[in-house]
Amino acid sequence: MVESKSSVLDSSHLSSRSSVAMDLGPIAESIMRVLKKINAHRSLYESNEEAVKQHLIGEIMRALGWEWNDPEEVRPEARTEEGRADYALIIGGEIVAYLEAKNLSVNVFKREDPLRQLAKYCFNTGVKYGILTNGAMWIGVKAFEVGSSLRERILVKVNILEEPPMKAALKLSLLSKGRINEMERLSSLLKALELSFMGLIKEGYPREALFEYLKVDRGKRIVPIYLLEGHEIPKVAYVYDNGWKMLPLPERTMKGVLLAVLLYMGQRAFGDEKKEIMAAYEQLKRIPLEQRKAHEILLRLEEEEKLNISVEL
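First residue of the sequence shown? That's 1 in my numbering, and the numbers climb one at a time after it.
Please note that the accuracy of each hint is not assured.
[Claimed, not checked] DSBU-like cross-link-like pairs, simulated, lysine-lysine; straight-line CA separation at most 35 Å:
hint: 1; residue 1: K36; residue 2: K157
hint: 2; residue 1: K191; residue 2: K177
hint: 3; residue 1: K275; residue 2: K293
hint: 4; residue 1: K102; residue 2: K128
hint: 5; residue 1: K235; residue 2: K142
hint: 6; residue 1: K157; residue 2: K306
hint: 7; residue 1: K306; residue 2: K36
hint: 8; residue 1: K177; residue 2: K110
hint: 9; residue 1: K274; residue 2: K37
hint: 10; residue 1: K202; residue 2: K306
hint: 11; residue 1: K293; residue 2: K36
hint: 12; residue 1: K110; residue 2: K142
hint: 13; residue 1: K285; residue 2: K306
hint: 14; residue 1: K293; residue 2: K274
hint: 15; residue 1: K102; residue 2: K120
hint: 16; residue 1: K191; residue 2: K285
hint: 17; residue 1: K36; residue 2: K110
hint: 18; residue 1: K293; residue 2: K142
hint: 19; residue 1: K177; residue 2: K274
hint: 20; residue 1: K245; residue 2: K274
hint: 21; residue 1: K285; residue 2: K274
hint: 22; residue 1: K285; residue 2: K275
hint: 23; residue 1: K306; residue 2: K275
hint: 24; residue 1: K37; residue 2: K157
hint: 25; residue 1: K157; residue 2: K128
hint: 26; residue 1: K306; residue 2: K37
hint: 27; residue 1: K102; residue 2: K36
hint: 28; residue 1: K177; residue 2: K167
hint: 29; residue 1: K191; residue 2: K274
hint: 30; residue 1: K37; residue 2: K102
hint: 31; residue 1: K167; residue 2: K245
hint: 32; residue 1: K202; residue 2: K274
hint: 33; residue 1: K102; residue 2: K202
hint: 34; residue 1: K202; residue 2: K191
hint: 35; residue 1: K120; residue 2: K37
hint: 36; residue 1: K102; residue 2: K177
hint: 37; residue 1: K202; residue 2: K37
[Claimed, not checked] Taking CB as the label site, the calculated pair distances span:
hint: 38; residue 1: P26; residue 2: G83; range: 32 to 40 Å
hint: 39; residue 1: F144; residue 2: R300; range: 53 to 61 Å
hint: 40; residue 1: A269; residue 2: L214; range: 36 to 44 Å
Bear in mind the hints are in silico, worked out from the structure with no lab data behind them.
Computed from a predicted structure; not experimentally measured.
C-beta: ideal position from N, C-alpha, C; glycine also.
Model the full structure from these sequences, guided by the hints.
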């Protein structure tokens, strides 16, 4: 399912040490464009490495903040004593990573040779990080560390063909121009989050409660609609659909929440169902609706459609 503009806002801020928010939306959108290209021209990308570089890798790297056509920032065919790396990524005049590209038929998760060659490029020139990709599979690796194997030094692995776009975008953000020097630290934080989450699941905590716990930012009051009385003034709505999606409100009322949820449902429906939902949406826009009545409809909608709806107050 292709995510809409509103859905890519979900979890779209990853705070850095300086508390500067990162918008993951453009990365997720670039992933969707790459998936469409692969779906339409897979045979081309399985046999043509140059097409992979220009159409797939370049698309993702631009979304990650790299000026793909600027040789001061991305230098093709970078020379090392071990050979030529496909690209050197440069910040402030210094190479921060080498990127090695393969065509789509090469499984970079399983093949050892490309990763070892990339590590040699890095080690030879004292470059800390390497990136290996076939356009769909991405690996970020720390090139050298005493007492550890190459596989143990992999910091991030992403397969955009198999992972939800927002999850893939979050992991790919570690390779962004603004985050790549923090790749090792951010990788540790993500791994700690995953381990903690799975540990709590094994302890019997429900996933929904953990999602609710994680999605609430400090200073925000986000409440499931079944805990509301109907008179509250909402700021924004959330619906759970393979992840929490933020829904902007046309008005800060329970009717506004209902309209936002109906629009969300209509955008994902097809055929007669879509027509029916959008007709209800258009009719509701034109009529007044008391707060508590809108709340009652939301509760019924949540139950009948198996939705989880929350609002920020």
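- Starting from K177, check that the Cα of K167 is at most 35 Å away, please. Satisfied, since the Cα-Cα distance of roughly 19 Å is no more than 35 Å.
Is K157 close enough to K306, meaning Cα to Cα at most 35 Å? holds (33 Å)
Does the alpha-carbon distance linking K102 and K120 stay inside the 35 Å limit? Holds, because 16 Å separates the two Cα atoms, which is no more than 35 Å.
Exercise for the section: Below or equal to 35 Å on CA atoms is what counts here, so check K177 against K274. Expected result: Roughly 41 Å between the alpha carbons, so the hint for K177 and K274 is violated.
Item checked: Given pair status - K285, K191, alpha carbons within 35 Å -> Given pair K191, K285 is violated - Cα atoms ~45 Å apart, limit 35 Å.
Query raised in the report: Under the criterion that the straight-line Cα-Cα distance not exceed 35 Å, is the pair K177, K110 satisfied?
Result: holds (27 Å)
Next on the checklist: Need the status of pair K120, K37: alpha-carbon distance at most 35 Å?
Outcome noted: holds (32 Å)
Checklist entry - Taking only the CA atoms, is the gap from K36 to K157 under or equal to 35 Å? => result Between K36 and K157 the Cα gap is close to 21 Å, so the pair holds against 35 Å.
Practice task
Take the C-alpha atoms of K102 and K202, compute the straight-line distance between them, and say whether it is at most 35 Å.
Solution key: This hinted pair is violated, its Cα atoms lying about 39 Å apart.
Given the hinted pair K157 and K128, is their Cα-Cα distance within 35 Å? holds (17 Å)
- Message: Check the hint pairing K102 with K36 against an upper bound of 35 Å on the C-alpha distance.
- Response: holds (19 Å)
Hinted pair K110 and K142, Cα distance within 35 Å: holds (17 Å)
When held up to the earlier numbered hints, the structure conflicts with 5, 11, 16, 18, 19, 29, 32, 33, 37 and 40 and fits the remainder.
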